[in-house]
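K.L.:
With chain A held as given, fit chains B and C with the ligands onto it using these hints.
Chains A, B and C are the protein sequences, given in the same order. Numbering-wise, the numbering used here puts 308 at position 308 of the first sequence, and it's gapless, one number per residue. Numbering-wise, the numbering used here puts 57 at position 57 of the second sequence, and it's gapless, one number per residue. Numbering-wise, the numbering used here puts 631 at position 631 of the third sequence, and it's gapless, one number per residue.
Hints should not be assumed to be uniformly reliable.
The calculated SDA-like cross-link candidates involving lysine to any residue, where the alpha carbons are at most 25 Å apart (straight line), are [stated by the list, open to error]:
| no. | chain 1 | residue 1 | chain 2 | residue 2 |
| --- | --- | --- | --- | --- |
| 1 | A | 281 | B | 558 |
| 2 | B | 15 | C | 497 |
| 3 | C | 568 | C | 523 |
| 4 | C | 281 | C | 497 |
| 5 | A | 568 | A | 452 |
| 6 | A | 98 | B | 96 |
| 7 | A | 281 | B | 96 |
| 8 | A | 281 | B | 559 |
| 9 | C | 253 | C | 497 |
| 10 | C | 15 | A | 175 |
Everything labelled a hint here was simulated from the structure, so no lab data went into it.
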Amino acid sequence: ELGVCYYPEQWPREKWDEDARRMVELGLAWVRIGEFAWSKIEPQSGVLHWEWMDEAIEVLGNAGLKVILGTPTAAPPKWLVDRYPDILPVGENGVVRKFGARRHYCFSSRRYRVEAARITEMMVRRYGENPFVHAWQTDNEYGDHDTIHSYSDEAKLAFREWLAARYDTIEEMNRAWGTSFWSMHYNSFEEIDLPNNLVEEPTPTHLVDYYRFSSDQVKSFNKAQVDIIRAHSPGRPVTHNFMSQNTDFDHHKLGEDIDIASWDVYPMGGLINGRLSPETKARYLRVGDPDQPSFNHDLYRAVGRGRVWVMEQQPGPVNWAAHNQSPADGMVRLWTWLAYAHGVDMVSYFRWRQAPFAQEQFHAGLLLPNSEEDQGYVEVAQVAEEMKRLPKGEVKAKASIAILLDYESRFATRALPQGRGYVASAIALDWYSAVARLGVDVDFIGQHSDVEGYKLLLAPDLVIPDADFIARLKSSGAKALFGARSGSKTRDMHIPADLPPGPLGDLLDFRVARVESLPDFHRETVLYGNTSHQTTGWRETIRTTETVLATFEGDHRPGTPAVIGNDKARYCATLPRGEFLSKLMGDTLGWAGVEGLPDLGDLRIARRGNLHFAFNYGGVTATVPAADDATFLVGGRDLAPVDVAIWTQS
Amino acid sequence: ELGVCYYPEQWPREKWDEDARRMVELGLAWVRIGEFAWSKIEPQSGVLHWEWMDEAIEVLGNAGLKVILGTPTAAPPKWLVDRYPDILPVGENGVVRKFGARRHYCFSSRRYRVEAARITEMMVRRYGENPFVHAWQTDNEYGDHDTIHSYSDEAKLAFREWLAARYDTIEEMNRAWGTSFWSMHYNSFEEIDLPNNLVEEPTPTHLVDYYRFSSDQVKSFNKAQVDIIRAHSPGRPVTHNFMSQNTDFDHHKLGEDIDIASWDVYPMGGLINGRLSPETKARYLRVGDPDQPSFNHDLYRAVGRGRVWVMEQQPGPVNWAAHNQSPADGMVRLWTWLAYAHGVDMVSYFRWRQAPFAQEQFHAGLLLPNSEEDQGYVEVAQVAEEMKRLPKGEVKAKASIAILLDYESRFATRALPQGRGYVASAIALDWYSAVARLGVDVDFIGQHSDVEGYKLLLAPDLVIPDADFIARLKSSGAKALFGARSGSKTRDMHIPADLPPGPLGDLLDFRVARVESLPDFHRETVLYGNTSHQTTGWRETIRTTETVLATFEGDHRPGTPAVIGNDKARYCATLPRGEFLSKLMGDTLGWAGVEGLPDLGDLRIARRGNLHFAFNYGGVTATVPAADDATFLVGGRDLAPVDVAIWTQS
Amino acid sequence: ELGVCYYPEQWPREKWDEDARRMVELGLAWVRIGEFAWSKIEPQSGVLHWEWMDEAIEVLGNAGLKVILGTPTAAPPKWLVDRYPDILPVGENGVVRKFGARRHYCFSSRRYRVEAARITEMMVRRYGENPFVHAWQTDNEYGDHDTIHSYSDEAKLAFREWLAARYDTIEEMNRAWGTSFWSMHYNSFEEIDLPNNLVEEPTPTHLVDYYRFSSDQVKSFNKAQVDIIRAHSPGRPVTHNFMSQNTDFDHHKLGEDIDIASWDVYPMGGLINGRLSPETKARYLRVGDPDQPSFNHDLYRAVGRGRVWVMEQQPGPVNWAAHNQSPADGMVRLWTWLAYAHGVDMVSYFRWRQAPFAQEQFHAGLLLPNSEEDQGYVEVAQVAEEMKRLPKGEVKAKASIAILLDYESRFATRALPQGRGYVASAIALDWYSAVARLGVDVDFIGQHSDVEGYKLLLAPDLVIPDADFIARLKSSGAKALFGARSGSKTRDMHIPADLPPGPLGDLLDFRVARVESLPDFHRETVLYGNTSHQTTGWRETIRTTETVLATFEGDHRPGTPAVIGNDKARYCATLPRGEFLSKLMGDTLGWAGVEGLPDLGDLRIARRGNLHFAFNYGGVTATVPAADDATFLVGGRDLAPVDVAIWTQS
Ligand SMILES: [Zn+2]
Ligand SMILES: [Zn+2]
Ligand SMILES: [Zn+2]
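Chain A with its partners taken away, still in its complex shape (with noise of 0.2 Å):
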């Protein structure tokens, strides 16, 4: 299904019936409203004003729209803040974050988690039974703007309560933090600081548990509202809209909460500020990585526990990367079909019309700021009468591998990367961009998932294995693959006692014994069946009984093991890129008995239920690789650049 994004209060009212009349007539389903109304329906310290939208939604509903309707505590309104100044966040610097824009709050400020209950309650019990209100939203867009951290006194007051919650004693946080190095010692929790404006790096572990600390707070938050909503909104789901692969909280567990993961698909601000070289980047300026969309589709839907939905999708250019370029003609279909091939349920646009005004009048709508049809809505109408011609209930397969994407392994990389440049989402989307081209599906789990069923397991970083989730993993019928790093720290963010990898060794018997990070003007070289790879960026030194698949080569410790395995499990002890990458992924599948297809080049391909689709994202027309038995219900045997084909096959 589709939907739209859409703000009546930015609207004259005379024009809410056309609106609302075009997108049923577009083919439109929903329409998501009210997460940036506070000021609109508070104006003032308790002088409310429902009635606008109360009308906007009867308008809408009864047009034909399902309303989405977010609780609107991104931006709490000036007088409140003025009011009650604790509530916005702090910078790293030190320095309050002022109001102006949004998310200009903390999410440990206990006022403002009063106000938002009581907003988000008061909206929750005029709307939640509202007939024409099908589900909700939480806020908007966590971790936006880097504002899942927060360095106020709230944030310092609550970390203390956290850590005493978590470490009980003060000697056993002492210990976990390894305080004995460099006279951190502390006496009570009351002695605790935030992180920031340091002489130097603190202990990782104090960094780690703030990040921790952060994450709870966001998903505390966030519940707080959701049981609100639950308890007034009966049979409505629930889901907030994340941002394309934020790794300051743990999604996992913000997840349990909802009832559907959604997330905003922004490919071309991606595609700026993503892990491309710039070459690839001209080559895809104006459809994007290809593997950045899927990879988050595929992630959300993780998170969502198997329903997942875009909340916005970039109908055109944007506003807020550092170049905003044109999406190609058909993109804006070809990304609605792409998502609906990863299992998302509904496609809402972002936003029914451009505004003139305001911060993002460079942000495309399907209408232009003039009421006018821009590019996006004739795609989207082209979409809508494709749709038509599909079968209905295609539910996406359990796919036969799974990447692990762990937030704390995240967290623990932040805190010490150790080498500049190590961007583990980079390396994750490398790993994911090299299954894709082999045309595999992939699902992705977290160390609490079920690794039953899956024939091979990606773990391209899990820094802080759980020993039950290895021994889960050991008694699955599943095959592993480790990236560098994986099984380095323990949950105290200590080298294990044993030396890495830890727990991952119930699976491989080796020890990484010396570990380098290296700069990009080096290259090492990796022999691997019989070829020299280039590598980059991080090399360990490992010891193992286990079969050596592949050596370093040169003059530093010639002939030490890159990558290593056995039956079970595999290790790679640098970050491979490019062809070594490549080539190891498709051994890897190949050693899991998982078929993949030759490299399928600018082409990407999906399956949802019997439905297959093919997606061009290159710049001449290519043979989709559909059985010779294949129905096309869209496109055919040959597709266009940005086409799209879809098709049955036995």
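P.N.:
Leaving out everything else, chains B and C with the ligands in the frame of chain A:
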């Protein structure tokens, strides 16, 4: 006429007489003093020492020099800022900017306005009718060291008052700022804060209003001094020395209040910090960007409504750029003649003698610190000699083309650049340079100016056009070329109601339906005159009924217009550079009936009255484009590098 | 002798005995403890736990180790900084630098001086005559993490007192600072503020005085501890472990107060952060800059007035650089022999066992975290074995050439770099390197040192020469080569009255009439010995009656002198690098009668008494420049990569 900047307070009394004598001997007519002398005049609160200044003026005047007296408000003394700390400006980071250099005051400090008026009035009452004082300079280099924008409490209070005056009601301000977006609504002007240290960018209208406010604060601060001077020093012109290409405040507006605009000419630092590529910078290393000084002469001639001086001319290397190369020997002479050719009536060198102490001790003077003649001295002597050969009273004629510099449009793109690397001042200089290479004289204008009498108006970045200006342009005889983004915003910083170009639509029928900012690693191509040209940085998708003069090529929306036009006006939907820009400018001149020369390469020419000038910025001797009947007053037809030719012709 | 850094407070009591036994077994004689132990000694105010330290010293001493005891003042405990917050330093941005790492104290905090003396006195009274304590270290790594300069109120008050003592009257300070410039006059020392957060750069004398003040604060802080140690621990030498090439305080001056200078040898991070091009860094990736460790051995030998130790020698990869590669296997041995060859009498490895927790958990030790031997351990065992083959008591002879490192000159160019990229320490290392490649041993000196007995003095950056030093140099037998900027400032940071080079004029007759700093994209050329050489970065126009040895070429002032000289002294008016520098240094050695070798390429040699050493930093086997009658004690004539040869010859 020639002059020099002199600081008697920095030298022992016994040097003054000889200094004055040597100035006159060198051929100087003017001397500027006083602008940093406050702590010498009033070393303690109310303790006034005018006697040294009395004597200095006496010595200089008696030697035959005309004194330009500067008000000393650019550097308040330590005792004053200690007594009234709210004089100090506050940086964008919220930190007070301390005493110890200069320009350490906030334009909004009410206390400083009182103090600045007090010292100015005392000085003007004392010297206003002094026969040796022939002109006044207010303060010094408004905007240097990024001092237009202060984020102090004083500025906050003044900004609220300014907004109240501008908008009358808070609801009108809410409308203009678009505060229905992101819950930004304000209930009163007392809730408004300054636009720094936010979580994200504020609404652009908030920013642009803050820039307008800051600009108005400069104007009123300056006007207060001018009023005092006018009241007590009749007949003496008032000037201010502006900074090259500073666009932090509206120079046209401030220019209304003074008699002569002067500016400070430092082409070596201008090159290092400037728009050119490293290769081109290397080529022009010791001659500077050939067009940056001329651009500013022509600009400040407009700001001074015809009267322009150079208050500070670099006489050798300086101290403040990232690197500080020496000008080529001969450049001081060249720059002096260049100024004259562009209508400058007085060139004052900074400074008489190099200071062996304090911040600028690496800044050359006409004399070395030990009073020996430095290279600049020798060249000034030559200019003084050459000047005698020239007829007096030649007046710069009105040019056939005008370039529009609209400061509010600069505020707009600063607030909302939409793409990193969009630098409006570099774009305007590129346009100027393309015209200068064709040997065409240029005037600058603002939207308040009369456009009648010009054959062609160039508007590289008129983001916010006045309907009134467009109407006057329409009824004039001038043709016009507009650059990308022209007409893209209303005065409220909104997109025009029926899409850009707003009022420009009265000249040229088109609509801008999509805007893209593009990264450096990508090149667009444009088909123009049967040739493909590269362009970068910006691309608009426009619809038009006008003639299409150039089209975009490539995969994305091929064939859409890149340049359009009719008999009256043309519009370019990208940012042309290099040979595309050269060709476009050449064609545009031809279209408007403006006669140009073949590309001058490294030569530049200018006319003042009957005098023709040529300047050789290249490394080899060039032939001057003089008529066959030319009579050379300085130099000749073959022009050596770094040399100047002056001739008359029929 | 060899030693190791050990932290008993970080390990369970039951490991100490075995650790001590293994240290002795490995051949170590010394062990350093205590420098971060404050919070273990005094976990709460006045609660003292010496018993564990008593026992640790007992265990180590009984095992046969000599203890170096560090005062624990580099890391005051949390309870102390909570009680007296003015202990904490303040960063240049004005923000307090918080507890949680180390070096979190301000040298000007009067309270901290009391507390540091208190803990030091208690420790020295307790262990001063302990038979196992053989030496003391004060504090740890003054200046690490940029901690010499604090911008606290305590520093401000102390700075005022320091200025009052230096200048006696405020008018003398006004003269020196040149406050007649920009109205900067002060009426009393109470008006002075610290030179941070200004609108623009302060006067350079303000900056340099602040650097001098900060340097003096370090000296007096250290001296207070030395006095306590001397009073209660007779016969034990006192040392401090300096940071490689730190020039934030005057090491010569501090060196006067201690018995032995020691320093911390981390060549891998030194390479990554260092002066070499990326290509050269890649070539030396795992061996490091061949000259940076030797430079510092020679420098700190001078700081220690002949006695130098290595307190921390990297035994494997570290954790703190942008990238942290492994040393090549063999480098720990090579660095140990290199230290010995340059006069170092004790090399202590940092650290015994890698810590599995806290900030440095990626920092290697001789043992892995699980107590297994790491690579460094093996190499130390080899060195210990090899040492037995060598004669004892060989003493480093005085070198024939000396390099002058004047810390006040470094303060001067830091305050007034005049060109981005001017890095005096890189220039000095370049000079050192050019000499080292010719196999010549070097001493370092300061201006206080005796210059007699040297054939040649190299002064790459003597910006502020003492007249007294120049007089002593003049009357000595030494010749001298001065680099650009030498003599360019007086002690007041003024240009000398009759232009640079000030007092250097007594040696060499010239005047510097113009100075240029030049960007990297531009190359100057110099004609020297009939060959054109490229030079960059700096160019002076000088006038001289001396012999011109090299001249600038090109368009700008061709033929002006680049290198000049007479029988006594030479001066170079640019910054030579690469082959120009090599040739200049070779010629200069010849001129001074210093015998050099042909270019050693990647080989380096050194002499200590009768022992000759060679070190191969290259990737291929090289031939050692040993005499035909050489007797090899370690290695042989053909020297493999990363290998060491030691021989005697007649
Ligand atoms: Zn309730
Ligand atoms: Zn008056
Ligand atoms: Zn004592």
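K.L.:
Does each hint fit the structure? Answer for all of them.
P.N.:
Structure-based check of each hint:
Our distance criterion of 25 Å between C-alpha atoms is met by residue 281(A) and residue 558(B), whose separation comes to about 20 Å. Of the pairs offered as hints, the one joining residue 15(B) and residue 497(C) holds, with about 15 Å between alpha carbons and a cut-off of 25 Å not exceeded. This hinted pair does not check out: residue 568(C) and residue 523(C) have alpha carbons roughly 30 Å apart, beyond 25 Å. A distance of roughly 44 Å separates the Cα atoms of residue 281(C) and residue 497(C); the hinted pair therefore is violated under the 25 Å criterion.
A distance of roughly 14 Å separates the Cα atoms of residue 568(A) and residue 452(A); the hinted pair therefore holds under the 25 Å criterion. Of the supplied pair hints, the one linking residue 98(A) and residue 96(B) holds, its CA atoms being roughly 18 Å apart against a limit of 25 Å. The suggested pairing of residue 281(A) with residue 96(B) is violated, with an alpha-carbon distance near 42 Å, which exceeds 25 Å. Between the alpha carbons of residue 281(A) and residue 559(B) the distance comes to roughly 24 Å, so the proposed pair stays at or under 25 Å and holds.
Simply put, residue 253(C) and residue 497(C) have alpha-carbon atoms about 28 Å apart, too far for the 25 Å limit, and the pair is violated. At roughly 17 Å between alpha-carbon atoms, residue 15(C) and residue 175(A) fall within 25 Å of each other, so this suggested pair holds.
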